[in-house]
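Asker: Sequence:
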Amino acid sequence: MLYLLSMMIMCFLLITIFTWRKIYIKTSTMAAVMAIGIITQGVLTNYFGSEDISFYGKLLSILNISLWLSFLFSLVLALRNKQFRNIHYENPINRFGIGTWIAGTSICSILICNNFPGWILFVKYLTVLNILLWMTYITISIIALRDIYRLKLTKDVHGILLLTTVSTQSLVLLLNTVFNMEMVYYINVFLILMGIILYLVCLMFIINRYSSNFENFNIEADWKNTNCILHGAVSITGLACIFSHAVHDSVITVVWVVSATAFLVVEVIEINRLFKRIKRYGIQKGIFVYDVTQWSRIFTFGMFYAFTFKSYTGTGWLSQTQSLVIHIGVWVILLLIIIELILSMRGILSSYQWSRMRVKG
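Every position in the sequence shown, counted from 1, becomes a number in my numbering once 963 is added.
If you're looking for bench data, these hints aren't it; they were derived computationally from the structure. Be a bit skeptical, because a hint or two may be false.
Stated by the list, open to error - With beta-carbon atoms standing in for the labels, derived distance ranges:
(1) Leu1227 x Arg1043: 14 to 20 angstroms
(2) Met1146 x Asn1179: 31 to 37 angstroms
(3) Asn1057 x Met1146: 35 to 41 angstroms
(4) Asp1110 x Val1152: 16 to 22 angstroms
(5) Tyr1149 x Phe1011: 45 to 51 angstroms
(6) Asn1181 x Val1228: 41 to 47 angstroms
(7) Lys1118 x Ile1232: 17 to 23 angstroms
(8) Ser1175 x Phe1018: 49 to 55 angstroms
(9) Tyr1112 x Lys989: 21 to 27 angstroms
(10) Ile1232 x Leu968: 23 to 29 angstroms
(11) Leu967 x Asn1181: 49 to 55 angstroms
As the list claims (entries may be wrong) - In silico BS3-like pairs for lysine-lysine, Cα to Cα no more than 27 angstroms straight-line:
(12) Lys1118 x Lys1021
(13) Lys1087 x Lys1021
(14) Lys1187 x Lys1239
(15) Lys1187 x Lys1248
(16) Lys1273 x Lys1021
(17) Lys1248 x Lys989
(18) Lys1087 x Lys1248
(19) Lys1187 x Lys1118
(20) Lys1118 x Lys1248
(21) Lys1273 x Lys1239
(22) Lys1187 x Lys989
(23) Lys1187 x Lys1115
(24) Lys1187 x Lys1087
(25) Lys1118 x Lys989
Here a beta-carbon is modelled for each residue, glycine too, at the ideal position from N, C-alpha and C.
I would like the entire structure built from these sequences, with the hints used as guidance.
Answerer: As structure tokens, this is what we get:
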């Protein structure tokens, strides 16, 4: 009852602020919910154990669910004030950010199911609604891919397209948490295959974007934060395979190797980009600038960690590498999310001060 009361208070405060300031979240803002959710359920709970951090796990879950509900309210607010289409649908590439709504809902549903089992009936209804939202999103995404091709926007695509895979595989995780595994086996197989197909299609668009203009490629400007989903989407696919028991263990090992390879390639590019941004913009503007897409990096790191933890057997040629990821990765991820929270607060305060200056002016 205390947790429910805490959630209601937090929701009330956040919704009041959203209404008062008329805050319309960006399409991909729900990535913050995804990131905090995977840190709670996939990193902290796995590493420290659910019993040892039960209280903190519930507290983080309540915080995350409150954010999720508040963000949903902001979407309704945008719809009511006729801002929804302009913010979330007008740009074909931006439409893919709607995938964070499905994945965010999936992870919040999993948090509710694991921490508050008394709310299971609510989660089952929510799961059905989330599936309907996913079906709508996939339709929107297919139309968006057509529009991108027709309007010659392929030069602007990036990792946000891969949220189609992330949202799809998040449903596999949700279904296998809420329902009996045997009951959803064939749905699991369909969704996993669907997610892989979507990944390959979107990957072709991304490769085409960078290969067609490689000679003019500028890593500081052209490489996007969301490209980390290149490995994050593989990680969540692997985790979906584990949860569903739909594939053999040897296949999961192959998926982990692909995920780890993609992780290394993308993060080497990111490190190179980091140094070039520092050289060009300085430390302050090169690194410590908030952008909502940075949450996708936290999510993908957390997802790779969760996949590594769940696929770790303690034997075999990969065990030492996976053990290193498990024991060092947790602290790297915690450091990253602390930095991101500080940047987020700075960004919010900066936006608030700017809006006050505009009102006074």
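Asker: Check the structure against each numbered hint from earlier and tell me which ones fail, lowest number first.
Answerer: 1, 2, 4, 5, 6, 10, 12, 18, 21, 24
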